[in-house]
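Chains as they are written, first to last, in the numbering used here: chain A, 1 to 443; chain B, 1001 to 1257.
Since the hints were made in silico from the structure, they are not lab data.
Warning: the hint list may mix true and false statements.
Unchecked claim - Which chain B residues face chain A? A few, computed with CB under 10 Å, are given here:
no., residue
1, D1043
2, K1045
3, T1084
4, Y1085
5, I1111
6, D1113
7, L1114
8, G1132
9, K1135
10, I1149
11, E1153
12, V1160
All figures in this text were calculated on a predicted structure; none of them were measured in a lab.
The beta carbon of each residue, even a glycine, is placed where N, CA and C say it ideally should be.
Each chain, letter by letter, is given below.
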Amino acid sequence: MNGRFGEFGGRYISELLVPVLEELEIAFEKAKVDDEFNKKLLHYLTKYAGRETPLYFAENLSKKFGVKIYLKREDLLHTGAHKINNTIGQVLLAKYMGKKRVIAETGAGQHGVATATAAALFGLQCDVYMGSEDAKRQKLNVYRMKILGATVKIIDAGSKTLKDAINEALRDYATNFKDTHYVLGSALGPHPYPSIVKHFQSIIGKEARKQIIEAEGKLPNYLVACVGGGSNAIGLFAPFINDKNVKMIGIEAGGEGIESGKHAARISGDGRKGVLHGSLTYLLQNNDGQIKETHSVSAGLDYPAIGPEHSYLHKIKRASYVSITDAEALEAFHLLSKTEGIIPALESAHAIAYLPKLAKQCNENEIIIVNLSGRGDKDVEIVAKISTDREFSGIRDRQIGDPICGPFFASSEKLEICPTRQTDLTRGQTDVKHMSELEGEKS
Amino acid sequence: MMFVPYVCCGDPNLEFSYQLIKKLAPYSTIIELGIPFSDPIADGKTIQMAANRALKNGVTVEKIFAMIKLLRKEGIKTPFVFMTYYNIVYSYGKEKFLERITTSSVQGIIIPDLPFEEDPEFENLAEKHGIGIVKLIAPNTEEKRAKKILTNEKLFTYLVSTTGTTGAKREIGNESLDFVKRIRKLAGNDKKLYVGFGISNAAQAKEIVNAGADGVIIGSRIIDIYSKFIGTDGEMTIGAIEQVEKFVKEIKGAEND
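Excised from the complex, chain A in its bound form:
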């Protein structure tokens, strides 16, 4: 069967899209080995987007956790996240296919911005679908897309997040495929999308592999990346898949804790196999096969299905998947900002948050590469809001680590409480239990 990773993946899609995806697959396979295409792609990735990105040895973080931590700085790319690797590739491909228009879905807004950017660069019309809930929490990115000349189509259906934006983008694609290419932003969806996105994102892992050998003379022990659909993770993992000693860990959104039911942990939570958006993969669904609503503080991880290749890597035990709660991610957001002077995207903060747990199993000479998939500028407003809300709601014990310690621009006196946070990082569980107890009382 075509386009499968073991039993996962496939092309579960309406008959209308069958010839369209076949055409796309042929165009992609051709472009992949086309010298001119690859030369152009490399040109824009280096001169325009800012590749290669540094593999930064995070000194302070390493010292703190007693292990060698390297950060793959995708956050330094143009538009602020790894998403641009894929959009430059796909929009260039769309141009090669003679398409006049591109569409995209977006959760956190990063993929929407990256698509709008590439569309502006290559002179294509661009429409971006975004759930109204996401548009609310990522307002800044909505403006950025508009400034770049894209039309943002706000979707008010279903859970009003990424899932619903993809539904609508697929409907648009099935209607307008003649002149339109759908730039899917993650390693999910029907074949050939998971392979296309992996191909364009693999540059992350290729560079990291070369860079770590230069820096350390050997391969890393661990790779850590957050997983919504899983594009930044598969981009980092792919070039290491045959290096059996390199352990790969994907971090899913634990939301308010698995037991609260408010999360997006498909593999590490209570997902089971099913079909959504063209792929057979692990899904969050109820007993009747209806897709569940998910929750994560980070819009980019707030999605009920995981990319099919991750399901496969999990099944064959090549990669493992764990979850990190909202509270833990928020702490890591502040931790990285304070210790390294890098404000991470809330998505990437999930990967950072796993470090204290992982470091416990490591000796000081072991090497961890974390994919810092995006920068946190887009999240500053939401983090400020959460901190303020919590300050006033009074349900949280400040000792557990309300990271900002009050309204965002709080007095310096309040900010001084923050050093205690460092020990709090491993205590997210306490917080979760507390939250789920509250939930239990309600129901």
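Fit chain B to the given chain A structure using the hints.
Frame of chain A, contents of chain B only:
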């Protein structure tokens, strides 16, 4: 003219669907029973909203089976085919679902996100259980593939009249009519070609049949008619079924005009 209505089971509640199916049965060649899915990517606004209402009101696969049992018990003999998305079947268990269909005297299933040959195992299982998988042909389906789909026809072949999603459209374009003619030529006269996606009135139905189709599949338009009768409390008000019946009579009368 063969007439295949689509009923979104449980919209706005199962009691209404039950009454609607009973009313539609005498006019229908086959009735498509929609099992609502949370993420219906092949459907336009009308069916999306209908599925939402049904799910909100707690419809489940088991409740739909119970409704069918009741309809059969009351002597409704019209063939039924399910229309649902693949995750509903997958989640239930492929073989378990097929077994359940067989014992419920449902004749077939249409799965818009399971294209022909995507899951050969499921196709073989359906064959084994005597369940027909109704396959779709779209205007852009390649001729070679269309031929193969027609050769494997079970119950009938569903022609997707236009690109896009389901939902009533004002006009049936020449492209759609040409498509029907083209497939009829390819199929010969012994294949059953029913056309769906966008057909909303008697004139369109007539055009489609004149172009060579055996019949029409109508869903969104029926929902548009009865959903006007859904009260603010979510319950049906009086008169919806009569309006649907009036519409169906028009469609059925079209060929005699």
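The hints, checked one at a time:
The restraint placing D1043(B) at the interface with chain A holds, with a minimum CB-CB distance near 8 Å, inside the 10 Å limit. Interface hint at K1045(B): satisfied, since its Cβ lies 9 Å from the closest Cβ of chain A, which is below the 10 Å cut-off. Proximity of T1084(B) to chain A holds as hinted, the smallest CB-CB distance being about 9 Å (cut-off 10 Å). With 10 Å as the threshold, the beta carbon of Y1085(B) comes within range of chain A, its nearest partner Cβ sitting at about 8 Å, so the hint holds.
The beta carbon of I1111(B) comes within 9 Å of a beta carbon in chain A, closer than 10 Å, and the hint placing it at the interface holds. Because the beta carbon of D1113(B) sits about 5 Å from the nearest beta carbon in chain A, less than 10 Å, this interface hint is met. Given hint, L1114(B) at the interface with chain A, holds; its Cβ is 6 Å from that chain's nearest Cβ, closer than 10 Å. Checking G1132(B) against chain A by beta carbon gives a least distance of about 17 Å; that is not within 10 Å, so the hint is violated.
A cut of 10 Å between beta carbons decides the hint on K1135(B): the least distance to chain A is about 8 Å, and the hint holds. For the restraint placing I1149(B) at the interface with chain A, the shortest Cβ-Cβ distance is roughly 8 Å, inside the 10 Å limit, so the hint holds. Interface hint at E1153(B): violated, since its Cβ lies 14 Å from the closest Cβ of chain A, which is beyond the 10 Å cut-off. Given the 10 Å rule on beta carbons, the hint for V1160(B) holds: about 6 Å separates it from the nearest Cβ of chain A.
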